[in-house]
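Number of protein chains: 2
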Amino acid sequence: MATDTSDQDIGSPKAESASGSVVISVDAMGGDRGPSVVVEGCAAALAEIPNLSILLHGDEAALRPLIARLPAVAGRLTLCPAEAVVSMNDKPSHVMRHGKNTSMWSAIAAVKDQRAHAAVSCGNTGALMAVSMLQLRRMPGVNRPAIACLWPSRGRHGFNTMLDVGADIKAEAEDLLAYAIMGATYFRNDFDEPRPRVGLLNVGTEEHKGRAEIKAAHELIASHQDTGFYEFVGFVEGVDIPSDKVDVIVTDGFTGNVALKTGEGTARLIGDLLKDALKSGTLAMLGAVLARRALQRLSRRIDPRRVNGGVFLGLNGTVVKSHGSADATGVAAAIRLAAKLAQSGYRGRMAERLVIAAQAAQDASSNGETA
Amino acid sequence: MATDTSDQDIGSPKAESASGSVVISVDAMGGDRGPSVVVEGCAAALAEIPNLSILLHGDEAALRPLIARLPAVAGRLTLCPAEAVVSMNDKPSHVMRHGKNTSMWSAIAAVKDQRAHAAVSCGNTGALMAVSMLQLRRMPGVNRPAIACLWPSRGRHGFNTMLDVGADIKAEAEDLLAYAIMGATYFRNDFDEPRPRVGLLNVGTEEHKGRAEIKAAHELIASHQDTGFYEFVGFVEGVDIPSDKVDVIVTDGFTGNVALKTGEGTARLIGDLLKDALKSGTLAMLGAVLARRALQRLSRRIDPRRVNGGVFLGLNGTVVKSHGSADATGVAAAIRLAAKLAQSGYRGRMAERLVIAAQAAQDASSNGETA
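Here the protein sequences come in this chain order: A and B. Residues 0 to 370 (this note's numbering) make up the first sequence, in order. Residues 0 to 370 (this note's numbering) make up the second sequence, in order.
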């Protein structure tokens with residue numbers, strides 16, 4: 000387990016939402032659809048959550064007129080001017096060195112300075128993680144932070160959690176253990192599930208299969224079920240991600256990102272084919288009209304915008320990455336998620352368990368019990 | 000590029016189906032549903048393909064009565080007794096050492112001995128690849144053989160090809176180049192597409208992203224477009240797998256297997272939710288009745304059984320891995336695919352291109368042009 004990970008505890012759970020109000024820092028720039036949908040999303044979230052305030056970071060000339068159109072939320076939506084924008088093609092390393100004047104940097108700085116309880120951005124994922132790590136620092140016991148997403152499922156709560164879906168392109172066994180602990184805490188908090196079931200993604204469920212770090216992670220995750228407050232169900236396969244066999248799916252960020260986007264692509268293809276099928280003839284069209292409400296409910300159930308927002312776990316502060324192409328509904332969902340997390344205090348419990356696991360791994364390592 | 004890969008050319012394209020008839024060697028055992036569905040699948044394929052004969056390998060006592068019920072195909076379905084069965088839990092290394100008396104070994108041996116043009120098995124994928132590599136050997140220029148699958152898509156031909164979906168758990172840059180060449184040849188052959196578009200699966204489409212071997216593969220695959228007879232479209236993401244941006248998706252066997260099974264799981268979840276939605280009320284049920292034919296067409300379009308069969312590419316012989324849980328329709332589809340491949344001569348062209356690429360990579364390497 001890596002040890003160079005301590006750093007200060009920014010925005011501690013006690014500080015979060017102590018006053019009963021919640022402040023979310025939103026990066027208005029860098030999304031594929033421009034700042035106007037972000038401002039619309041802010042307005043929707045403010046209308047829905049009475050104790051919410053938003054700090055909006057970005058280009059003053061672009062944002063001022065958009066905000067002026069929203070007198071209803073005046074006083075709860077504060078402009079924080081930032082002249083530069085991180086583009087989707089900027090390298091994270093470049094943004095870390097030269098990005099201090101960007102809206103993304105400014106949005107994370109507000110969390111670091113405890114002016115906001117959590118941050119939301121639709122921008123470049125790699126840059127957002129780099130800027131967040133630099134400013135908020137990793138929790139003790141975390142070498143690689145992770146991005147967790149919710150996945151529509153047959154499970155008890157209608158959603159499973161998967162992580163990492165793209166913070167890093169690799170993960171060692173110790174990272175996968177930290178993901179199990181972080182994912183279980185996140186899921187427990189979100190769905191009030193006392194003992195989430197954790198599965199480790201692999202190419203088969205037999206114990207002899209898979210890459211070396213995954214076999215090592217199997218041992219580690221199995222041995223930390225009690226300290227991590229989860230039940231380990233062993234290896235799971237891609238087909239199990241939306242199943243009711245598991246609540247939290249642990250994998251490296253390369254595999255997780257491919258799986259997430261493959262699921263998205265498959266859902267979109269089937270949706271398109273279904274629409275085509277229901278337009279293919281008079282009877283089909285009539286059928287579609289009759290079944291319209293049921294089909295709309297289904298469409299909402301698997302709408303990726305409803306669960307928009309990858310949560311960065313393992314940092315001393317809460318950051319939600321909204322989909323780059325999110326519309327106002329998606330942005331509002333990401334802000335809602337950030338506000339919920341900011342008010343939950345999940346990071347305090349997560350931090351405790353990570354430190355216990357890191358300590359146990361270190362003890363085992365120095366006793367020569369593990370590699 | 001590895002060089003320890005030559006070995007004899009078994010079942011050369013010229014030998015394949017020279018007589019106009021095609022002989023497929025089928026492993027009757029080891030599928031999840033037992034030998035009876037395999038025999039049913041054989042009967043369906045024989046009824047459909049007039050010039051097909053089948054060698055059926057497996058337990059004589061179990062198979063004899065099943066075959067006796069099929070007088071219509073007598074003379075074209077030959078029993079090849081094999082006493083042992085490879086189970087789903089057997090380790091490939093164990094089967095390689097002790098599996099000579101199994102139906103799987105016997106099915107591959109028939110291809111090696113040129114008694115059959117291609118083999119089909121529903122059994123343990125790892126063991127099937129190990130037994131196939133041991134008996135048929137790799138084509139020159141191939142270090143890691145791959146399993147290719149077809150994926151329903153928006154593409155010109157309704158299907159894309161992805162490889163590797165599970166032959167190995169990793170792939171180096173040179174392996175990914177070989178997959179590009181093999182996949183392009185396979186796709187061209189199957190869909191009569193002169194210049195298939197090849198994409199390399201990654202977590203983003205920007206060139207600076209991804210793991211080292213994937214960046215190296217990007218260079219290699221780009222530089223072999225002419226010798227490989229494909230167009231390289233660069234990096235693609237999970238969401239592009241069923242898209243019309245690409246025909247052949249190249250990735251390592253761990254990622255490919257997870258993606259394939261994630262797609263399967265997502266499709267199954269949406270199918271179930273759709274069924275539930277259409278039973279959720281009287282109007283929805285009536286709508287479903289009216290749209291029934293359109294919905295059935297959609298269901299067939301994305302039915303995994305229709306495209307059942309992962310093809311092992313890079314061996315001196317054709318082997319099709321049918322899904323372990325395939326029913327008779329799925330087994331028949333796998334046999335049909337094997338018969339089509341056996342009659343196509345694709346392996347001859349693939350072998351030429353692989354040797355050219357391997358030679359070029361070796362020349363470049365000895366000139367110090369590549370790592």
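What the hints contain is simulated information worked out from the structure, not anything from laboratory work. C-beta: ideal position from N, C-alpha, C; glycine also. Hints may contain errors.
[As the list claims (entries may be wrong)] Here are the simulated DSS-like cross-link-like pairs (lysine-lysine), alpha carbons at most 25 Å apart as the crow flies:
hint, chain 1, residue 1, chain 2, residue 2
1, B, Lys274, A, Lys208
2, B, Lys169, A, Lys208
3, B, Lys169, B, Lys208
4, B, Lys169, A, Lys278
5, A, Lys90, A, Lys208
[To be verified] Calculated Cβ distances over 10 Å to all of chain A for the following chain B residues:
hint, residue
6, Ala46
7, Glu205
8, Ala290
[To be verified] Okay, the calculated bits of chain A under chain B, using three or more residues with CB under 8 Å as the criterion:
hint, segment
9, 43–53
10, 208–217
Evaluation of the provided hints:
Proposed proximity of Lys274 of chain B and Lys208 of chain A is contradicted: the alpha carbons are some 35 Å apart, above 25 Å. Taking the CA atoms of Lys169 of chain B and Lys208 of chain A, the gap is about 12 Å. The hint holds against a cut of 25 Å. About 18 Å separates the Cα atoms of Lys169 of chain B and Lys208 of chain B, which keeps this hinted pair within 25 Å; it holds. This hinted pair does not check out: Lys169 of chain B and Lys278 of chain A have alpha carbons roughly 43 Å apart, beyond 25 Å.
A threshold of 25 Å between alpha carbons decides the hint, and for Lys90 of chain A with Lys208 of chain A the separation of about 36 Å lies outside it, so the pair is violated. In this structure Ala46 of chain B is separated from chain A by more than 10 Å, as the shortest Cβ-Cβ distance comes to about 30 Å. Against chain A, the non-interface label of Glu205 of chain B is violated: not every CB pair exceeds 10 Å, the least being about 6 Å. Its closest Cβ contact with chain A, about 3 Å, brings Ala290 of chain B to no more than 10 Å, contrary to its assignment away from the interface.
Counting residues of the segment 43–53 of chain A whose beta-carbon sits less than 8 Å from any beta-carbon of chain B gives 0, not enough to reach three: the coverage restraint is violated. With 3 residues having a beta carbon nearer than 8 Å to a beta carbon of chain B, the segment 208–217 of chain A meets the requirement of three or more and the stated coverage holds.
Of the hints listed earlier, those the structure fails to meet are numbers 1, 4, 5, 7, 8, 9, in rising order.
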